[in-house]
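Student: Chain order of the listed sequences is A and B. Under the numbering used here, the first residue of the first sequence is numbered 1, with each subsequent residue one higher. Under the numbering used here, the first residue of the second sequence is numbered 1001, with each subsequent residue one higher.
Derived by calculation from the structure, the hints in this document are not laboratory data. Some clues are possibly wrong.
Unchecked claim - Dumping the calculated PhoX-like pairs for lysine-lysine here, alpha-carbon to alpha-carbon at most 20 angstroms:
hint, chain 1, residue 1, chain 2, residue 2
1, B, Lys1014, A, Lys135
2, A, Lys14, A, Lys135
3, A, Lys14, B, Lys1024
All values derive from a computational prediction rather than experimental measurement.
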Amino acid sequence: MATIDPDARINLTKASVLLVDGSQHSLDVIAQILKGFGVPTVHRYDNILEANKFLRQRTADLFVIDPSIEDGAGYDCIVELRHSGRPNATMPVILVSGHVRKADVARARDSGANFVVAKPLAPVVLLQRLLWVAKDKRPFVDCGDYIGPDRRFKFEGPPAGSEGRRAEDLKAPLGSASEPNLSQEEVDAMMKPQRVII
Amino acid sequence: MTKVRFFFPELRLKQLLEEPGGIKIADALMRADDAIEASRDAGLQAIDEKIAAIAGCEREDAADTNNKCYKLSNEIYAEAGMMRLAELSDVAHNLCELLSAGVSEGVSKRAIKVHIDAMRALRSPAASASRDLRRAVLEELHRLTARLSHH
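Build the full structure now, drawing on both the sequences and the hints.
Tutor: Encoded structure:
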């Protein structure tokens, strides 16, 4: 993860964050960290019922949630949000997670969250991830079961020896080039078409 | 064959961050650190209450005792770590590992008690003031848990 420039400026004075965590103290501290970043409005909930009610009626610019709340109901909350079809269904989501049981690793990956941040939370890490999520260039994927940011950070095609599961995955290896590469002039001509006088 | 739809949702957060004004990142981080420091006393009190609650769970014989202890030790792990109480956070993490690994077969009450004692010892004024003492508590904990796992 690239370090952040301490002299760079951020403006979160119009941003709002939805924060959900089962621990009251954790809620207080993360809310104060976000306020330190300049976020004026932090909607805090320590239970999923109220968080879901908020999500059905309102939206925020960022959703920060500890998914372990209520025995893992946080994961389902994100899945439900992504499948809701509401205007806030694509809002950026950061999971802040303490110790994760092995069984929950796949749930975190498949929930549709943009990023997972490990607790104990350090302000610099939260800010790095917040900036990263804002600048994330990955597309959103809707493949029925999963809706969320593309889980692949690099696209290198389906694994070797596998046909791939997506309709647009190539069915056979491309093989080596059958013709010489284009020259730079030919590439330029394609990229910058110019008027010619005949 | 899975039909996949790719799209790029508009992100208001990105636009907001780039608006003129705001604050320097260094100042934002300093304010956030100050906020953690300001909540330190409340945080320590919350941790002590959670250690006491784990001790209470450990005495109960309820079926979901492990789950309750796991949840509380997970909170201590995160909150102690945020306050840079590294050793206390480590012990709580160790307890999480133990409880999550032994969900099906049940975890030895003695192993849980050893962790509670270690957390209490680390919260004592003497251990708070001495790094060597905190290390000694951790070493003793590792020695005891290794012994218990062999029985």
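Student: Against this structure, judge whether each hint is valid.
Tutor: Checked hints:
| no. | hint | result |
| --- | --- | --- |
| 1 | B:Lys1014 to A:Lys135 | holds (6 angstroms) |
| 2 | A:Lys14 to A:Lys135 | holds (17 angstroms) |
| 3 | A:Lys14 to B:Lys1024 | holds (16 angstroms) |
The structure meets every hint from the earlier list without exception.
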